[in-house]
Amino acid sequence: MADSGAWNQVRHYARAVWAENIKEWKLELTYPADFARSLIDPVVYLLPYLLYGVALVGGRTSANLERLVGTSDIVSFVTLGYVFIGFMNMALWAMGFSLRKEQMYGTLESVFAAPVPRWVFTMGMSMHSILHQFLMIASQIIFITLLFSIRINPLGLLPSLAAVGVMLLSLYGIGMIMASTTLIFKQGWLISEALGSILMVLTPIAYPLAVLPLLMQKAALAVPTTYGILAARHFLLGEAMPFTVGDAFLRLAVLSVVWVVAGLVIFAVIDRWTRRSGTLSHY
Amino acid sequence: MTEPGSTLEPAGREDAAALECRDVVKTFKRGRRLRRKTMKAVDGASFSIRKGELFGLLGPNGAGKTTLVRCIATLLIPDAGSIRILGRDVFKDSLWCRQRIGLLTSGERTLYWKLSARANLNFFAALYGLSGKERDKRIDYLVELLGLKEVENERLERYSSGMKQKVSVARAILHDPDLILLDEPSLGLDPQFARFIRQFIREELNQRLGKTILITTHYMDEADELCNRIAFISRGKIVDVKSPAAYKRDIPHTEVLEIRVQGQPDTRPVETLPGVERASAEFKDGVTTVKLVLPRAETALADAIELLRTGSKILGVDVKQPTLEDVFLYVTGTSLGADTTEKPDEAGGRPGADGH
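From first to last, the protein sequence lines are chains A and B.
Going by this note's numbering, the first sequence opens with residue 1, and the numbers climb by one from there.
Going by this note's numbering, the second sequence opens with residue 1, and the numbers climb by one from there.
Think of the hints as simulated: they come from the structure by calculation, not from any bench.
One should not assume that every hint holds.
To be verified - Just a few of them, taken from the derived set where beta-carbon distance is under 10 Å, the chain B residues facing chain A:
hint : residue
1    : 74
2    : 96
3    : 105
4    : 109
Small disclaimer: the values here were computed from a predicted structure and weren't measured.
We treat Cβ as the ideally placed atom computed from N, Cα and C, and that holds for glycine.
Construct the entire structure; sequences and hints are all you get.
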């Protein structure tokens, strides 16, 4: 009986996560022009970096890049870095600001009055953001492949997705923190922007980890996107990592636990604070 | 309809009250650190509602009705006191209690306007654990019942306020809750929709389905027409709880002298005339309505007119039997039409207050 109860609860929460995801898609698709822009923008942002890189090295291969990371193809290197860092933007912006959106719609209280824990709701938002991000990645890869052709090891797809999957757990934790901060700070986007800029610099997206100053290299090791992107490029391009694959997964797993626990705790504390102060529906 | 989640945990106590509030206190702090002020929105509210009862919280704007409803719905955490639904504490068993509450918050923007009625209901059904055929059947039933069939697939942004409110009602009762909280359900609706909503609450939800309902309102007619019992709430305190008939019996040998005057004259001398037990003055659309509750209206009639006509034009005089609104004035000393919300410069506003 208890098992059946627990199973019913799991199904209830899973359906709530899916419903939140579907609802977000429906809302998003009511603005088709915005949706189309969200698929084109990432390509437009990526192109200048690629062209700049190609112009600097005088072609798409760089001997210096090969010396540093074991792969010479600068286009594939930068493209994959940018593709996967999109997940960080998803956590900081899309997921972080979805509660703010609910506040502006006026629906946050209706949703929070429902018999599901808050993490179920944020998980649904996160699912929508991840699926959206995969569409953006597909759009980026199709365009860049058509323009430059990307050479990746197809056998590396599954392990790289596994690394990205563990990275997404960490980003879920970061997204929870961002979502909760937007409940109390009216200008929460300032925090997102500051944190986003710091993480963008620390994560070796368009450059190898080795070119960062030593102190920044140390700091980069506390950032989940560093491991996610390095591991993904390792499997797809053969990029050399300053640690073993096992180490990368282990560190990513530890960071995921830390960020998810921090996200849940901070969210719970802020949720309680807003219910005490009566500011839940304020925006 | 089988209620989802009901097999997960034992039900609440059979003999327990549907809702029991004990000494609930909710204060808000507002303003900057050095000028921070504390304001009591709910001040020791205690009452209980029996199963199947239609119970009203009647009070003016800013009385604390919405704050109290938000506490019951777990959207606010009180500073003190306890709230129990079917014997279970709403903060210790919040998920269990939320499953048993149907909440209709005041204001239009409680649904996704870019989605259709059906899409909104599908989404909330999933949050409340409904799925598949059970969900579709329930939504079909509610859409039919509330007259939304023709427009169920149109976006809410194209609906009138009344139609949106019907969808909000459908959302509140979608999961067949035991306790329905309706916060100002007819606020801002045209008379036709307001009448429909009231009739639906009384005849369908309460009389036919036997639901326990807590309704907040500052419309005296609404409370009088709908409720089995009414709690008068004023400045965060529950002043009294009785049936509408019992309230009216409280002041049987009383009359209400109502004088309408152009402009905004000083009404204080009238309010202190001999024999006047309660008085109020409301200014609206250039006209001040003075109400005096007293044993016999004619004893103060001449003096009141004399005092008010100085510098103002008397527009009308009426002597009435007391209504529930007059009883409210008599019991609380505050008119239902008054706005008792503390202004930001007084105490930094009243979050959760009516009209907020």
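Results for each hint:
Taking 10 Å as the C-beta cut-off, the interface hint given for residue 74 (chain B) holds, the closest approach to chain A being about 7 Å. A hinted interface residue such as residue 96 (chain B) counts as satisfied when its beta carbon comes closer than 10 Å to some beta carbon of chain A; here the least separation is about 7 Å, so the hint holds. Taking 10 Å as the C-beta contact cut-off toward chain A, the hint placing residue 105 (chain B) at the interface holds, the least distance being around 6 Å. The criterion of a C-beta within 10 Å of any C-beta in chain A is met by residue 109 (chain B), whose closest approach is roughly 3 Å, and the hint holds.
Against the hints set out earlier in the document, no violation occurs for any number.
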